[in-house]
Amino acid sequence: MPVDPQELNNDRSQEWRSELRSRLSAKERSGLPRVKMPERAPMERILGFMEVNTGLSEEMAVQESRRCLDCSTPSCISGCPVNINIPGFIKRIEKKDFLAAARKLKETNALPAVCGRVCPQETQCEATCVYQKMKKPPVAIGYLERFASDCERLTGTISIPKIEKKKSTRIAAIGSGPASLTFAGQMAKFGYQVTVFEALHELAGVLSYGIPEFRLPKSIVRSEISYLEALGVTFERNVIVGKTLTIDDMKKQGFQGFFIGSGAGLPKFMHIPGENSIGVYSSNEYLTRVNLMKAYQFPQYDTPIVRGKRVAVIGGGNTAMDSVRTAVRLGADKAMIVYRRSEQEMPARIEEVHHAKEEGVEFLTLTNPTEYFADESGRVRQMKVQKMGLGAADDSGRKRPVPIPGSEYLIDVDTVVVGVGTDPNPLIPRTIKGLEVTKWGTIVVNEETMQTALPEIFAGGDIVRGGATVILAMGDGKKAAESLDAYLLGKFPGR
Amino acid sequence: MNRIVTKEFLSENVAKLIVEAPQVAQKQNPGQFVIVRTDEKGERIPLTIADADKKNGTITLIIQRVGTSSHKISSLKPGDFLHDVSGPLGRPTHIEKVGTVLACGGGVGIAPLYPIARALKDAGNKLITVLGARNRELLILENEMTAFSDEVIVMTDDGSYGRKGLITVGIEEVLKREPVHLAVAIGPAVMMKFVALLTKRYNVPTIASLNTIMVDGTGMCGACRVSVGGKTRFVCVDGPEFDAHQIDYDEMMKRLNTYKEEEKISYDGYLKTLS
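First to last, the protein sequences are chains A and B.
Start counting the first sequence at 1; every next residue gets the next number (our numbering).
Start counting the second sequence at 1; every next residue gets the next number (our numbering).
Wrong hints could be hidden among the right ones.
Straight line, CA to CA, 27 Å or less: simulated DSSO-like cross-link-like pairs of lysine-lysine [stated by the list, open to error]: (1) K7/B <-> K193/B; (2) K72/B <-> K260/B; (3) K384/A <-> K7/B; (4) K294/A <-> K264/B; (5) K439/A <-> K41/B; (6) K433/A <-> K54/B; (7) K231/B <-> K268/A; (8) K27/B <-> K433/A; (9) K55/B <-> K252/A; (10) K27/B <-> K252/A; (11) K41/B <-> K77/B; (12) K254/B <-> K251/A; (13) K439/A <-> K399/A; (14) K272/B <-> K294/A; (15) K218/A <-> K7/B; (16) K54/B <-> K251/A; (17) K54/B <-> K294/A; (18) K294/A <-> K260/B; (19) K193/B <-> K126/B; (20) K252/A <-> K54/B; (21) K309/A <-> K384/A; (22) K254/B <-> K309/A; (23) K27/B <-> K251/A; (24) K294/A <-> K193/B; (25) K7/B <-> K309/A; (26) K272/B <-> K77/B; (27) K294/A <-> K254/B; (28) K309/A <-> K260/B; (29) K55/B <-> K384/A; (30) K36/A <-> K387/A; (31) K72/B <-> K334/A; (32) K254/B <-> K268/A; (33) K41/B <-> K309/A; (34) K254/B <-> K334/A.
To be clear, the hints were calculated from the coordinates, so they are not data collected in a lab.
Whole structure, please, built from the sequences with the hints as guidance.
Take a look at the structure:
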């Protein structure tokens, strides 16, 4: 997505910013140490679901913002899928105008409090920060993003960016996860009448059912939703598009543009013997019971969950880390990650792996389950695992795990969570005629515009990518909104 | 929020509710279900759509009181609300004229059987209905089923009504007597298991509709998974109906007991709040 260099430059050339730059030399700035995120002690946090990272103090945030060199061509922005004006918001923190920093963020990002918490900044904006070239730790952009948006939320007055002239055109977003929410926010800013349709009783998709409270408090998600409501977005829960309502029904209701952001909600299983034993969960089910249905508060809430004492989580991604850390909080004596490659290949964020280890999680790497054994009531009691070696690199560029013959052994378990990935939900693609779908079930789009084979339908997030990150989904939502706007205004370049 | 229009008890523990759900009423077909949540702290539970009225925008739900959620729902009064109703979910029953159809319903399973049997009759099939219940008091929807069935056989475990014996006795009588082209079995898992074993002996294609534990009902969680013909299938999106001869009923029955202890804790606690 193009960033307007003129706009960036205008913002940077303001007098206050030049003055700010002159206060400290680049050498002084780069000599400052990177801030450390304050966090709850492991022994305290595993007793409940309170947020682990507690956020920067004002003093820490201002100090960290001084590290940013306010580069004339900021390389960090190119690492951000939604192209936030990063130095722009950071310098407003340095100026101690925190609300202005939050407003700057919201010009390009509808969910900054979420992104500040769950984005993998270390592989995005912070990876392209100029400090990398200087072999120094990058500016803590994510922490600062979180700080600014939290400041705004705590004041209780949420700023609403300028909305273009109201249009009568009705737009539908299907699914209410990060891709759809970003799309909806952007379209609302363009002045469209946007309705978001969600299949579940709760909004925000993976932000609600997937990411645990200790990493992303639901109160923050709710506040980001109320911001979108303030922008004029309407939400309809319990509507399963394709079942309750079809695209044709929606067209009859006057909807003229569509965005599909229905996610990759289908759990993958490994199809090994014993996998249907009681106590073997998909990570989706495990996390949904806890996060969406509040099973950790059973019996105050009606939804139960098996509170395992010996829990094995299969997989090495963020979902696996979320699951295993949830198991710790549900009272597991032994919580294990079982991952078929080595720690180096783990797709999870380093921070999550680090937090999991602090919380006592054991890592069984180069290990893969081959069978589960249940007792006579059907409850899982043991798992057979096999040691793995690493062979040549595969398509993903990671070394391929190769089973070591004769290395099998048994581990006692009473709960297993299978977190080896998800597939796109076929419900919507299946019910829209003419939509082009890959053999993996993802929707085919023009990558520049996010337009599908049907001109008025756009798509983004995991239903297109098959399993990626919150921020990439958001980038898609934003891009799709810009394209759909151009399409509806007749300015669209076409496919 | 979905308003309850009417509520009545069909037997001591089985309630019938007519609920406002206009979009679901429009779209539903026999064999489909909804996910219901009673209140903010409630579970998401699947309930078969027993009937629908498109004109009035209502659906009929029939529920047996066995635990916290079903007790909460069956205690609702007209004018009360269900917090959430979403659907219609699952694949509709494949309805076609095949000749003679045997509709076998056990206990509260007669409720989901009702719309399917009626649709099969409307498609031009000869419909023989066999209903089973523990006793006369627990038999539901007999008049409704009789209204369109060509023949109705009622079996009760204690002989308090109809004939004494398990449902399979009544079914086998028909199978011995005349050619049957399709059987539909809905009821407790153990009943479906034995009906399937029986119809298999007579080579009668049989479908069973399963009611497993679910959370989202849209294919997201896999709580409802069952083994059918050795393959794992999701009841919510691949079902709820499957070839009754291929289902691993023993595994399904075990999985239905996953939360037996928790269900008791929850229900005992709930009953205490009532007294």
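The hints, checked one at a time:
no.: 1; hint: K7/B <-> K193/B; result: violated (32 Å)
no.: 2; hint: K72/B <-> K260/B; result: holds (18 Å)
no.: 3; hint: K384/A <-> K7/B; result: violated (51 Å)
no.: 4; hint: K294/A <-> K264/B; result: holds (18 Å)
no.: 5; hint: K439/A <-> K41/B; result: violated (39 Å)
no.: 6; hint: K433/A <-> K54/B; result: holds (26 Å)
no.: 7; hint: K231/B <-> K268/A; result: holds (14 Å)
no.: 8; hint: K27/B <-> K433/A; result: holds (18 Å)
no.: 9; hint: K55/B <-> K252/A; result: holds (19 Å)
no.: 10; hint: K27/B <-> K252/A; result: holds (15 Å)
no.: 11; hint: K41/B <-> K77/B; result: holds (19 Å)
no.: 12; hint: K254/B <-> K251/A; result: violated (45 Å)
no.: 13; hint: K439/A <-> K399/A; result: holds (25 Å)
no.: 14; hint: K272/B <-> K294/A; result: holds (22 Å)
no.: 15; hint: K218/A <-> K7/B; result: violated (36 Å)
no.: 16; hint: K54/B <-> K251/A; result: holds (21 Å)
no.: 17; hint: K54/B <-> K294/A; result: violated (35 Å)
no.: 18; hint: K294/A <-> K260/B; result: holds (19 Å)
no.: 19; hint: K193/B <-> K126/B; result: holds (24 Å)
no.: 20; hint: K252/A <-> K54/B; result: holds (18 Å)
no.: 21; hint: K309/A <-> K384/A; result: holds (18 Å)
no.: 22; hint: K254/B <-> K309/A; result: holds (21 Å)
no.: 23; hint: K27/B <-> K251/A; result: holds (16 Å)
no.: 24; hint: K294/A <-> K193/B; result: violated (34 Å)
no.: 25; hint: K7/B <-> K309/A; result: violated (43 Å)
no.: 26; hint: K272/B <-> K77/B; result: holds (20 Å)
no.: 27; hint: K294/A <-> K254/B; result: holds (24 Å)
no.: 28; hint: K309/A <-> K260/B; result: holds (18 Å)
no.: 29; hint: K55/B <-> K384/A; result: violated (57 Å)
no.: 30; hint: K36/A <-> K387/A; result: violated (37 Å)
no.: 31; hint: K72/B <-> K334/A; result: violated (37 Å)
no.: 32; hint: K254/B <-> K268/A; result: holds (22 Å)
no.: 33; hint: K41/B <-> K309/A; result: holds (26 Å)
no.: 34; hint: K254/B <-> K334/A; result: holds (25 Å)
The structure does not agree with the numbered hints 1, 3, 5, 12, 15, 17, 24, 25, 29, 30, 31 stated previously, though it agrees with the rest.
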